[in-house]
Amino acid sequence: MGSKMSFDKPDPDNAFITLCREIDYQEGPLSGIPIAIKDNISTAGIQTTCGSKILKGYIPPYDAHVITLIRSAGGAIVGKTNMDEFGMGTTTESSAFGPTTNPVDPTRVPGGSSGGSAAAVASGLVRMALGTDTGGSIRCPASFCGIVGLKPTYGRVSRYGLIAYANSLEQIGPLARNVRDCALLYSCIAGYDPRDGTSLDLPAPTPLRSEIQGKRIGVPAEFFGEGVDPAVASVVQSGIQRLEELGAVIVPCSMPSMRYALAAYYVTSMSEASSNLGRYDGVRYGQAPDTVRSWHDAYSEIRRAGFGEEVRRRILLGSFALSAGYQGKYYAKAQAARQMVRDDFERLFESVDIIAGPTMPTVAFRLGETSDPLSMYLADILTVPANLAGVPALSVPCGTAHGMPVGLQLIGRHFAEDEILAAALAFEEGSA
Amino acid sequence: MTVIIGLEIHCQLNTNTKLFCGCSTDYRDDGPNTHVCPVCLGLPGSLPVLNRQAVVYALRVAKALHCEVPEFSEFARKNYFYPDLPKAFQITQYDKPLALGGYIEIEAEAGGEKRINLTRIHMEEDPGRLVHKGSGDRGRYTLVDYNRSGVPLIEIVTEPELSSPKEARRFLNKLRATLEYLGIYDSEREGSLRVDANISIKGYERVEVKNITSYKGVEKALTFEITRQKGMIRRNAQIVRETRHYQEARGVTTSARSKEMEHDYRYFPEPDLAPLQVSSWVEEIELPELPDTRRDRFMQQYGISLNHARTLTGDLRLAEFFEEVASGIPEVAAPWTADILLGELNYRDMPISKVPVPHFNALLEEVKKGTITDTSAVEILRLLLNQVMEGSTPEMPGAVIARLGLSKEEGGAFREIVASVLAENGPAVADQRAGKAGAINFLVGQVMKATRGRADPKEIARIIEDLLKE
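These protein sequence lines map, in sequence, to chains L and V. Take the first sequence: its letters are residues 1 to 432, numbered as in this note's numbering. Take the second sequence: its letters are residues 433 to 902, numbered as in this note's numbering.
Errors might be hidden in some of the hints.
In silico BS3-like links for lysine-lysine, alpha-carbon gap of 25 Å or less [said to hold, decoys possible]:
(1) 890/V <-> 840/V
(2) 528/V <-> 329/L
(3) 333/L <-> 528/V
(4) 333/L <-> 510/V
(5) 510/V <-> 329/L
(6) 901/V <-> 881/V
Hints in this document: simulated from the structure, not taken from any laboratory.
With the hints as extra help, turn the sequences into a complete structure.
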């Protein structure tokens, strides 16, 4: 039954934190396919760091639900990929294990935070990979590296074993070089898991088909607003035109809540993160403090030394947003804004089947280009709405601008992964 | 000076498994960190899954205490750092608790019933436990045991309506009994009931006393704290609003936290758990007979007094014990259980469950038949309890009576002893002859002493009078 595989390839883009040289795998739909796993998904016996110094050396005693599913489907887990520390970034530069470079142009970032997974797929090191998407962390690197990435509906894929950054926003999803592989990996990880209280019990995904004829595709004006590189906008506009040529009906529309989406996203994600990351205290796992001090001082010391700058910034901002006297002004308001985004999607999906636009406002940044955190946060503007509303969204290659890949983003109704994958496949086939 | 007391009671629910994972809650006889998993250790990536049984148990309490269960309730995270808290937050309930309102009726100090209103009941998880080891400045260290981490708790919060430590004790006794009757709580599990108290003197600041780890400590802690506050008022010292810790061993409260260590718990809804919608479950819950109903039934069914019925139903195991022994002879069983046995058990700090029913039953039969005196019966009971405590096989009362010759003897057998007591106590005999009150009691007492209580005092008094007439 079981087979063995060795995986001994160079990793010029620093896509991996941990590589498994010898891999056992079983028979199944993924039999023998090398699969890379983002390093925030728990793998029994394989170091899982979240790209952070504070978890260096942590070897989980259990497998995440998706890992169990991939193993039983025959997938060969070849390693753990680099990422922005705890998923907090859009470039994979904030990893404690050094930045990952973009296989298309090594002077540029692969996007983030699932940059290692995207680079491993784009460079051909692996056929498919798992990433996680809290505010665009699958779709952004898919767009920057010219591959396909899907963020499923919230609740569709179990989060059991996914090391939390922002629980209410994030989902595990597939990255692959084409829609078929992306759909194949998705079909293996979707499903109910009683160990995740937010997991939903729904029928299995239907077999992938190509379908675009007659679909009503909404294009919100806000997706082409301020901050979107005109070269990127133009590539995506022509992509949308191609959808129309393939039989889709294009419906111009508006999403006024986009104004509040970024603020709602950052306040919510930082608040949740400030709570989630409290457990890294050096007591049970990770690096232990090397001093004999009061627990209070030891905690401060290990957390100061163990977390990177961006993580510390988000913990502080999140703690502030939740603190007494400010919670109503920040956290509560963010939840109200989040509801407006949900309402907007609900309203739009009454008259359209799919919403389309650019995945990212720009092509991949140059390494070190986004040193200012605020400009980096702004880059998430087009991806965060889907996380706030919990709806599925994917990025599919759409052409190039400035010689770099551009992604077309397709957003569907809750649990309509099949529908956006069918449209993406039609687009991919039509573009070929 | 009017005393105002409000209580917050944490009670461990005796579910089979923990609140958010499948680990067993029955850890007390096992080694440290043997009942743990990724969830209750707070390992990265683990997620909580709500234990349905715990919700049902909490709702049983809510129904029994007449609370309102809102349509929606919600879990929230209470964020703080402490080494016994593996996730650095406790999953609890904040502004949307499981149950609101409700009340408990207690015996008022002035007699009659007093209703104590409840604010709320919410569910939460217990943290782990710190074990402090070593001694001296450099040799001390602390170990963490996560077996307790994730055990389901309910927190019951009262309105500030208790007016004395005695009322607080009565409230807790009533609450504890109710929780036991509901089958959701095991009083024999150490640390299964913990109390925080808010205490103030009317017109002054309120002080929170934490860490009262046994319900027996509550009356002592409250009495100490009230005395301290009244003393401060008399000395014109200012009572500051603060948290104090109860030091069980010393019976005092000490100031706990300085201002800069005050926590901001940064509560927010737990994103990993869906809101609870369980108000419809309440109807399906069938409550067992509760202490007040059982008390009334005891009075009716066994013809016993209100005081005896109240005492006997104040503890589930005691009530069940009584029903086992009472069936044939309630008029003997009630006073012997409620007054004598309970006193002897308290003296020994021994649980009722250790008393062998057949032995106690046989003893009551002997008392009823009149084969032994009350004094002898108490002697036999003490012997029985001591044998149980020592772990030796308890003797049946019949055997003890035979071995020690405790059988109540016919008056004739004592005539000689009475005669010699009279001969030795000339002055008392003279007093008795002179009709002085109390002399006869003294003489009876002397005879009882000489017979080691085997004699019936009334019989002895008759013999004394007989002999003196001769």
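For each hint, the structure was consulted:
1. Note on residue 890/V and residue 840/V: the hinted pairing holds, with a Cα-Cα distance of about 12 Å set against a maximum of 25 Å.
2. The straight-line distance between the Cα atoms of residue 528/V and residue 329/L is roughly 20 Å, inside the 25 Å bound, and the hint therefore holds.
3. Taken as a hint, the residue 333/L and residue 528/V pair is honoured in the structure, with Cα atoms around 18 Å apart against an allowance of 25 Å.
4. For the suggested pair residue 333/L and residue 510/V, the alpha carbons sit about 20 Å apart, so the restraint of at most 25 Å is met.
5. Annotation: proposed proximity of residue 510/V to residue 329/L holds, straight-line Cα distance about 19 Å (limit 25 Å).
6. About 23 Å separates the Cα atoms of residue 901/V and residue 881/V, which keeps this hinted pair within 25 Å; it holds.
Against the hints set out earlier in the document, no violation occurs for any number.
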